Amino acid sequence: MNYKNLTPQENEYFAENELIQIIPNFKEDQFQFISGTFGPFRPAKPVTVPLWLAIYLKSRNKCSIQLPKWLDYSCLLTIKSIEKEIVAEFSPDLPYYYYEIATLLFNNCSDEFSGVGQQSSNLQKLKSVIEDIYEVRKEKLLKSIRSVKAEDTPIMNLSSIGAVELNQVRPAFSSAYSILYQMQNLMEQNADETQVV
Amino acid sequence: MNYSEDGGSPLQNDYGHQSSNTGGKAANKGGQNGNQKKNQFMTPADYLSREQDIYGGDLNGLEDMIDNSQDEERQIDSLNADHASSFFSQSFKNQLNQNQILTGFNMSDCTQNLQIKQLQQLLHNEKSSPELLPYQTILIDKVTKLINNQEQQLQAPVRDTDDRFFFNIHKMELERVKYMLKSYLRTRILKIERQVVYIIEKDLASLLSDPEMQYAWTLYENKKNYFQVAMFNKIPTTLNPFEKDQLEERMITVPNSSEFVFARFLKSHDVFHFTKDIEAKIDKDNIYFLPYSWIKESLQVGEAELV
Chain X
1 MNYKNLTPQE NEYFAENELI QIIPNFKEDQ FQFISGTFGP FRPAKPVTVP
51 LWLAIYLKSR NKCSIQLPKW LDYSCLLTIK SIEKEIVAEF SPDLPYYYYE
101 IATLLFNNCS DEFSGVGQQS SNLQKLKSVI EDIYEVRKEK LLKSIRSVKA
151 EDTPIMNLSS IGAVELNQVR PAFSSAYSIL YQMQNLMEQN ADETQVV
Chain W
1 MNYSEDGGSP LQNDYGHQSS NTGGKAANKG GQNGNQKKNQ FMTPADYLSR
51 EQDIYGGDLN GLEDMIDNSQ DEERQIDSLN ADHASSFFSQ SFKNQLNQNQ
101 ILTGFNMSDC TQNLQIKQLQ QLLHNEKSSP ELLPYQTILI DKVTKLINNQ
151 EQQLQAPVRD TDDRFFFNIH KMELERVKYM LKSYLRTRIL KIERQVVYII
201 EKDLASLLSD PEMQYAWTLY ENKKNYFQVA MFNKIPTTLN PFEKDQLEER
251 MITVPNSSEF VFARFLKSHD VFHFTKDIEA KIDKDNIYFL PYSWIKESLQ
301 VGEAELV
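For the protein sequence lines, the chains are X and W, in the order given.
Using UniProt numbering, the first residue of the first sequence is number 1, and each one after it goes up by one.
Using UniProt numbering, the first residue of the second sequence is number 1, and each one after it goes up by one.
In short, the hints are calculated from the structure, not lab data.
Errors might be hidden in some of the hints.
Stated by the list, open to error - Distance windows between CB atoms, simulated: (1) X/Asn108 / W/Asn99: 13 to 23 Å; (2) W/Ile138 / X/Ala191: 44 to 54 Å; (3) W/Asp141 / X/Ser114: 47 to 57 Å; (4) W/Thr253 / X/Ser114: 53 to 63 Å; (5) X/Pro43 / W/Arg194: 46 to 56 Å; (6) W/Gln300 / X/Asn108: 36 to 46 Å; (7) W/Ser257 / X/Glu28: 43 to 53 Å; (8) X/Gln182 / W/Phe242: 24 to 34 Å; (9) X/Glu85 / W/Arg194: 39 to 49 Å; (10) X/Thr78 / W/Ser268: 22 to 32 Å.
Owing to the predicted nature of the structure, the values given are computational and were not obtained by experimental measurement.
For each residue, glycine too, the CB sits at the ideal point set by N, CA and C.
Construct the complete structure from the given sequences, taking the supplied hints into account.
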């Protein structure tokens, strides 16, 4: 078992720790958690809670979830076009766990996506645009990480890349570049030694 | 989604127990019996229950103590876990602001415990770094204490259905934090098992907690005994590297410190000197792909985190 790589499930766990806003329909005092205090809960008053709690309450019909600002069709379309335009960087308008958060929300509160005046296919449109962004960013990441020169300046700014993209390239590229870098160092050492001789 | 029912973590593999089993097998091979093994080293689970044992006798007094110390223990906005923490809390606030801008939510109505956020950062660092990082005694002890306090509070019987519902939520949260702590300890155990010869030979005890060091020693001794029985008894003593004062360098697997990692800088630098020839401009909150040895110092002072 490789401890280095995070599984998609682990990433989902971390994504569930991110905060989101809900509108509860019950009355309860503050939740005194180890990880913080949330609440008090009053009907129709927005409250910030971790995503896992929001999903749990939602599954019991105790609240409705407020979608984050970036999870919006027109907003995501803009991000997508920006992603296609800029080659070297990644749009900072998406959170690190954007893919996981979006998937969790799609799967657990699909009814929140069909708002007033929206077409019923809103959810499908959102899903496909998230997939598109993911594909575009994946291609860009592969391209830029391939251009890292282990022998010259082995550093690459990936700006605000997401967890899901990183997870794909981490195992292969991390070890491959380590070997390249070591070989480079060895070659330099050899070159130095021959110069001395 | 419901983690509370089975009391387990999102991922069911409990490596802490697995590794204790392998240790147990080795101990038996070395001719020690099971009872001795239990006293010799603690599994992460033992470690969790350690503090409970200490307070076990005096429950009433403990409850009073919890009431008084709860807010103090949670330390919502101030944190003195270690030297890097003030920087950490600052950078965490920045992250929160960034989060508010991204999501469009006003998050001022909740307070988060920075210790748990820091534990999450520790876990990420530990998972991605090739070397074993120093054990964060103060932080882990505090989190363990918080977990035990919460566990004590959740022992009261609940009858009301409505209360039961909220009780379950608290239990779920407790299990989530416990999972994170166990995951951190498991990652360390796995690393220790891989680098056990390096840790013992290079005397890196300062990086390990006491139970971890005990575990490493037992593992090392048992490995040595096993090699002795399986092979070295049959060949001349001069060929046995363990008989020498020190193992030869080439026989120790050294963690590869030039391994490439993904790291997020929490502080901007106009010019950051990685080596004497190479410098670069570092932007805050950006993720970089670079050799671990370059970021090691920033990592130690908490100005960067691995992802």
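Checked hints:
no. : hint                            : in the structure
1   : X/Asn108 / W/Asn99: 13 to 23 Å  : holds, 20 Å
2   : W/Ile138 / X/Ala191: 44 to 54 Å : holds, 47 Å
3   : W/Asp141 / X/Ser114: 47 to 57 Å : holds, 49 Å
4   : W/Thr253 / X/Ser114: 53 to 63 Å : holds, 57 Å
5   : X/Pro43 / W/Arg194: 46 to 56 Å  : holds, 53 Å
6   : W/Gln300 / X/Asn108: 36 to 46 Å : holds, 40 Å
7   : W/Ser257 / X/Glu28: 43 to 53 Å  : holds, 50 Å
8   : X/Gln182 / W/Phe242: 24 to 34 Å : holds, 28 Å
9   : X/Glu85 / W/Arg194: 39 to 49 Å  : holds, 44 Å
10  : X/Thr78 / W/Ser268: 22 to 32 Å  : holds, 26 Å
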